[in-house]
Amino acid sequence: MIDLLATTLTYVALGAAGWATVLAVVNRPVLPRRWYGLGLLGVLAALELGLLAQTVAGMVAMFNTDRQLDKLSFAGYLIGILVILPIAVAWALAERSRWGPGVVVIGSLAIPVMIVRLNQLWEPHV
Amino acid sequence: MSDLAARTRSGPGRLLIAVYAVFALAATARSAVQIGTRFDEAPLAYLLSAFAAVVYVVATVCLARGNRTSRLVATVSIVVELVGVLAVGTLSIVDPQAFPDATVWSEFGRGYGFVPLVLPVLGLWWLRSTAGSGRAAP
Numbered sequence: 176m177i178d179l180l181a182t183t184l185t186y187v188a189l190g191a192a193g194w195a196t197v198l199a200v201v202n203r204p205v206l207p208r209r210w211y212g213l214g215l216l217g218v219l220a221a222l223e224l225g226l227l228a229q230t231v232a233g234m235v236a237m238f239n240t241d242r243q244l245d246k247l248s249f250a251g252y253l254i255g256i257l258v259i260l261p262i263a264v265a266w267a268l269a270e271r272s273r274w275g276p277g278v279v280v281i282g283s284l285a286i287p288v289m290i291v292r293l294n295q296l297w298e299p300h301v
Numbered sequence: 087m088s089d090l091a092a093r094t095r096s097g098p099g100r101l102l103i104a105v106y107a108v109f110a111l112a113a114t115a116r117s118a119v120q121i122g123t124r125f126d127e128a129p130l131a132y133l134l135s136a137f138a139a140v141v142y143v144v145a146t147v148c149l150a151r152g153n154r155t156s157r158l159v160a161t162v163s164i165v166v167e168l169v170g171v172l173a174v175g176t177l178s179i180v181d182p183q184a185f186p187d188a189t190v191w192s193e194f195g196r197g198y199g200f201v202p203l204v205l206p207v208l209g210l211w212w213l214r215s216t217a218g219s220g221r222a223a224p
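Note that the protein sequences, when read in sequence, are chains A and B.
Everything in the first sequence is counted per the working numbering, starting at 176 for the first residue and increasing by one.
Everything in the second sequence is counted per the working numbering, starting at 87 for the first residue and increasing by one.
These are computed hints drawn from the structure, not numbers from a lab.
Just so you know, even glycine gets a beta-carbon here, dropped at the ideal spot from N, CA and C.
There could be a bad hint or two in this list.
If you anchor each label on the Cβ, the simulated ranges turn out as follows [as the list claims (entries may be wrong)]:
(1) 234(A) to 154(B): 40 to 50 Å
(2) 262(A) to 197(B): 19 to 29 Å
(3) 299(A) to 204(B): 23 to 33 Å
(4) 98(B) to 213(A): 18 to 28 Å
From the structure, some residues in chain A lie toward chain B, with a derived Cβ separation under 7 Å [what the hints assert, rightly or not]:
(5) 238
(6) 241
(7) 247
Make the full structure from the sequences, and use the hints.
The following block contains the structure:
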């Protein structure tokens with residue numbers, strides 16, 4: 176795994192979750208026509224691109240390594256991590272209340288958890 | 087009728103469904119890997135994982151659809167979920183040998199921050215508070 180990328184993605188995801196939490200607290204829906212909504216969607220789009228790069232890099236690394244690795248789970252997490260944010264955003268945009276950004280909080284927090292699991296699978300017994 | 091569906095998936099319900107969806111995805115993927123690669127190691131635990139996955143998927147879809155029939159199915163599956171997490175949670179502590187590998191519901195969902203224990207309670211509360219069967223508007 177590319178540690179730098181994984182660490183960066185973790186912080187960006189936590190940042191997006193924090194931003195969405197603020198929106199939920201001050202009772203603002205995810206509105207693409209307002210700067211706070213558009214900014215959040217921009218960060219999430221960048222995060223998704225980074226995750227896509229991680230998936231490609233992770234797959235390449237998986238096929239080029241000799242180490243013991245639960246390849247099915249590893250590939251599952253690499254692919255599964257890509258579906259979270261698009262679904263969360265679609266689900267959040269349909270909500271015109273603070274619970275919309277709440278959905279983004281859940282989706283964003285799932286990303287670091289999955290990255291931790293990816294690292295555990297890559298580095299067994301750590 | 088569509089009013090009921092909109093009510094079920096709006097507000098806190100939207101967040102609840104999102105959490106259910108995360109668990110549906112996690113449980114489905116986990117049990118697919120378990121059954122696909124090492125079913126013989128712990129058949130009971132892996133069948134339970136698959137069962138839990140089905141329950142989460144059904145609850146997620148039915149809460150999101152939210153019409154009268156879907157809500158009924160959702161209620162039944164969430165009750166099953168509550169009974170499941172309580173039964174498996176208790177069994178996994180009383181008789182750990184029966185569960186050589188963890189399921190979502192082992193030790194009351196401890197591996198998932200006890201969310202599996204809280205989720206069905208919130209689900210039933212939400213279905214109840216959005217029911218409003220024509221008597222009094224909430």
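Against the structure, the hints come out as follows:
1. Look at residue 234(A) against residue 154(B): about 45 Å separates their beta carbons, and that is inside 40 to 50 Å.
2. Our hint of 19 to 29 Å for residue 262(A) and residue 197(B) holds, since their Cβ atoms are close to 23 Å apart.
3. At about 31 Å, the beta-carbon gap between residue 299(A) and residue 204(B) stays in the expected band of 23 to 33 Å.
4. For the pair residue 98(B) and residue 213(A), the beta carbons lie near 25 Å from each other, so the given range of 18 to 28 Å is met.
5. For residue 238(A), the interface hint is violated, the least distance from its beta-carbon to any beta-carbon of chain B being 18 Å, above 7 Å.
6. For residue 241(A), the interface hint is violated, since its Cβ never comes within 7 Å of a Cβ in chain B; the closest pair sits about 20 Å apart.
7. Restraint check, residue 247(A) versus chain B: the minimum CB separation of about 5 Å is within 7 Å; hint holds.
When the structure is compared with the earlier hints, violations turn up for hints 5 and 6 and for no others.
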